[in-house]
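Top line first, the protein sequences correspond to chains A and B. Residues in the first sequence are numbered from 1 upward in steps of one, following our numbering. Residues in the second sequence are numbered from 1 upward in steps of one, following our numbering.
Just so you know, not all the hints are guaranteed correct.
Heads up, the list lumps identical chains together, so a pair's fine if it works in one copy or across two of them.
[Stated by the list, open to error] Below, computed lysine to any residue pairings styled on SDA-like, alpha-carbon distance capped at 25 Å:
{"hint": "1", "residue 1": "Lys160", "residue 2": "Asn174"}
{"hint": "2", "residue 1": "Lys226", "residue 2": "Ser111"}
{"hint": "3", "residue 1": "Lys114", "residue 2": "Lys160"}
{"hint": "4", "residue 1": "Lys91", "residue 2": "Lys203"}
Keep in mind the hints are simulated off the structure, nothing from the lab.
2 protein chains.
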Amino acid sequence: MIDPWGSSIIDYDKLTQQFGIKAFGDVVGEIEDPSKLMKRGIIFGQRDYKKITDALKNGDDFATMTGMMPSGKMHIGHKMVVDQLKWYQQKGSDIFLSIADMEAYAARGISSVKSRELALEEYIINYIALGLDVEADNFHIYLQSQNDDVKDLAYTIGRKVTFSQMRSIYGFDNSTNVAHIYTPLLQVADILHPQLEKYGGPKSVIVPVGPDQDPHIRLTRDLASKFNDEYGFIEPSATFHRFMTGLTGDKMSSSDPKSAIYLTDSIKDATKKAKSAKTGGRESLKEQKELGGEPDKCSIYELLVYHLVDSDDELKDLKQRCLAGEVLCGECKNCAAELLADMLEDVHSKTDEARKIAEKLL
Amino acid sequence: MIDPWGSSIIDYDKLTQQFGIKAFGDVVGEIEDPSKLMKRGIIFGQRDYKKITDALKNGDDFATMTGMMPSGKMHIGHKMVVDQLKWYQQKGSDIFLSIADMEAYAARGISSVKSRELALEEYIINYIALGLDVEADNFHIYLQSQNDDVKDLAYTIGRKVTFSQMRSIYGFDNSTNVAHIYTPLLQVADILHPQLEKYGGPKSVIVPVGPDQDPHIRLTRDLASKFNDEYGFIEPSATFHRFMTGLTGDKMSSSDPKSAIYLTDSIKDATKKAKSAKTGGRESLKEQKELGGEPDKCSIYELLVYHLVDSDDELKDLKQRCLAGEVLCGECKNCAAELLADMLEDVHSKTDEARKIAEKLL
């Protein structure tokens with residue numbers, strides 16, 4: 001069982017084998033100019049993505065929908081969502097972004113006021129600074145608690161799912177509070193509501209998420225089919241991206257400052273974190289030169305692949321030199337720290353302007 | 001367990017003994033001019049009614065809250081609710097009336113549009129024709145699906161009740177749909193929302209209902225205390241009224257035309273039903289004269305007590321004469337049929353005007 005409220009390290013192979021998530025590699029060839037997250041296998045899985053490659057090819061309307069539960073600081077791992085939204089926005093997709101304040105309340109006791117504040121300060125401002133066009137006509141953002149279409153749809157679809165099904169999908173038990181039991185319906189409604197007549201009617205929808213959100217995707221697809229007659233809902237598609245490893249080698253976590261680069265980190269702090277990150281380096285310089293490094297175990301290499309280096313050739317070259325023992329960890333860390341500093345400087349320079357835009361949004 | 005979605009014949013003594021409902025007789029003496037439903041023991045039970053006798057004595061603000069699930073035709077048994085609302089309205093109480101369209105959807109698959117139509121045609125129009133002042137400033141009526149305060153409060157309080165508690169109160173099981181599991185929270189929010197700041201803040205609230213609604217009352221009182229710190233909620237009070245026996249001797253039911261006098265029955269139909277009602281008469285005229293009738297088993301006597309005779313003395317006299325075998329069933333039926341015809345004629349004559357008022361309400 002995958003638990004969207006407390007997943008730890010993910011076994012990606014098991015996901016694809018056990019839960020029926022298909023490899024993204026099966027469809028990436030159908031996409032005209034895939035993003036680097038797509039090409040590099042960071043987006044590793046998908047459900048029903050053919051609907052989206054078809055929509056992209058035919059120029060059909062489709063929507064991109066994702067959500068955030070504001071419960072801590074935004075770190076560089078979260079940037080993947082922004083990159084994907086930007087990519088779909090450039091392809092002409094409508095963008096829907098839900099701030100799951102109702103989920104945050106039921107699952108973690110965070111008030112809606114606090115959720116709004118966290119979402120704005122920690123997420124939306126950075127989303128804007130990272131280049132998401134939130135002022136575009138096709139961009140929709142909302143707090144769940146303020147979206148009547150979502151709230152009403154959640155209740156409506158709740159009639160066709162039993163406690164038993166919820167329990168087997170989410171692992172609820174008798175001690176789960178009733179708001180929490182109800183919460184997944186809000187996520188399902190988040191995903192389905194772009195297909196309501198008010199939003200242009202039935203269409204393909206892509207949901208780019210982490211694999212911990214797959215329970216919502218499965219439930220949504222099930223309920224979409226059950227309400228197909230009434231609403232014409234099409235089963236939504238999804239992609240699943242890998243989570244970044246933390247700088248400490250464990251999970252990158254909002255609540256562990258050493259594990260994560262926060263978007264609000266000072267250049268000094270971010271540089272320091274990069275320079276003390278866990279790498280794929282060997283015990284000694286001699287060993288490193290003889291055996292080469294292990295880039296696949298290196299959080300710095302991951303940082304470069306996920307976020308800091310655009311050129312595939314440059315990355316290939318670096319990896320080869322690392323494997324051959326020609327480049328040492330210190331050098332790589334310095335390089336990553338510099339690129340990171342550039343990126344953060346750019347983000348920070350846009351924060352004030354972004355805040356003004358963000359405050360008008362919600 | 002009392003199941004608000006499918007109760008049959010009620011054991012009133014068991015209710016008071018097993019579930020802690022107190023006798024209304026314990027408090028009726030504290031009320032300056034009790035209604036006939038109060039004096040005649042039709043309102044048989046209560047929880048925490050002292051708050052209401054205090055409010056009545058001291059002239060404190062309080063609210064009266066009840067709801068209806070529109071799922072069939074309004075019959076004369078439902079008139080008890082109207083009589084109680086009118087009484088509290090005359091005492092200066094704010095009146096809140098919820099049309100439980102969300103419950104009707106989850107429990108019975110009735111759409112909100114259909115609920116509104118049923119509520120207007122079958123209930124509200126008759127409530128108005130029966131003399132409830134729905135145009136008063138202190139009268140509030142709403143469809144659950146259109147009341148954001150109720151919907152939002154339902155979710156908020158849902159955090160402090162578990163599936164296990166819901167199951168033990170309502171008998172839900174693994175096959176219950178999630179909208180239905182959530183529904184009682186809407187009823188609880190119906191009852192608590194008059195205490196929100198927007199509606200004047202914490203106050204005593206009386207909920208006059210049938211005993212099948214006691215699960216909601218108990219859950220509401222529990223959740224009121226759990227959210228006392230946050231909202232200042234006072235545990236609401238409740239009264240419980242007996243259900244009318246049907247004219248057939250079984251339950252009076254919206255779905256069994258022979259059992260019930262509908263408010264929309266023609267005078268001819270109503271008269272015919274009264275005349276073929278089950279009475280407490282004996283097998284033969286001879287026996288009746290010797291042993292007397294059994295008014296406590298007589299649906300005609302019940303009709304007179306609940307709705308048709310205002311004078312206590314007149315009722316006492318009739319009962320004595322029945323017990324003494326001095327009055328026969330035919331005579332009583334004729335008398336009841338006439339009084340019923342008068343009442344229905346009065347209601348019907350006001351229906352057109354009532355419809356105009358009702359249509360402006362929702």
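Quick rundown of the hints versus the structure:
no.: 1; hint: Lys160 with Asn174; verdict: both (20 Å within a copy, 13 Å between copies)
no.: 2; hint: Lys226 with Ser111; verdict: between (33 Å within a copy, 17 Å between copies)
no.: 3; hint: Lys114 with Lys160; verdict: between (32 Å within a copy, 19 Å between copies)
no.: 4; hint: Lys91 with Lys203; verdict: within (15 Å within a copy, 56 Å between copies)
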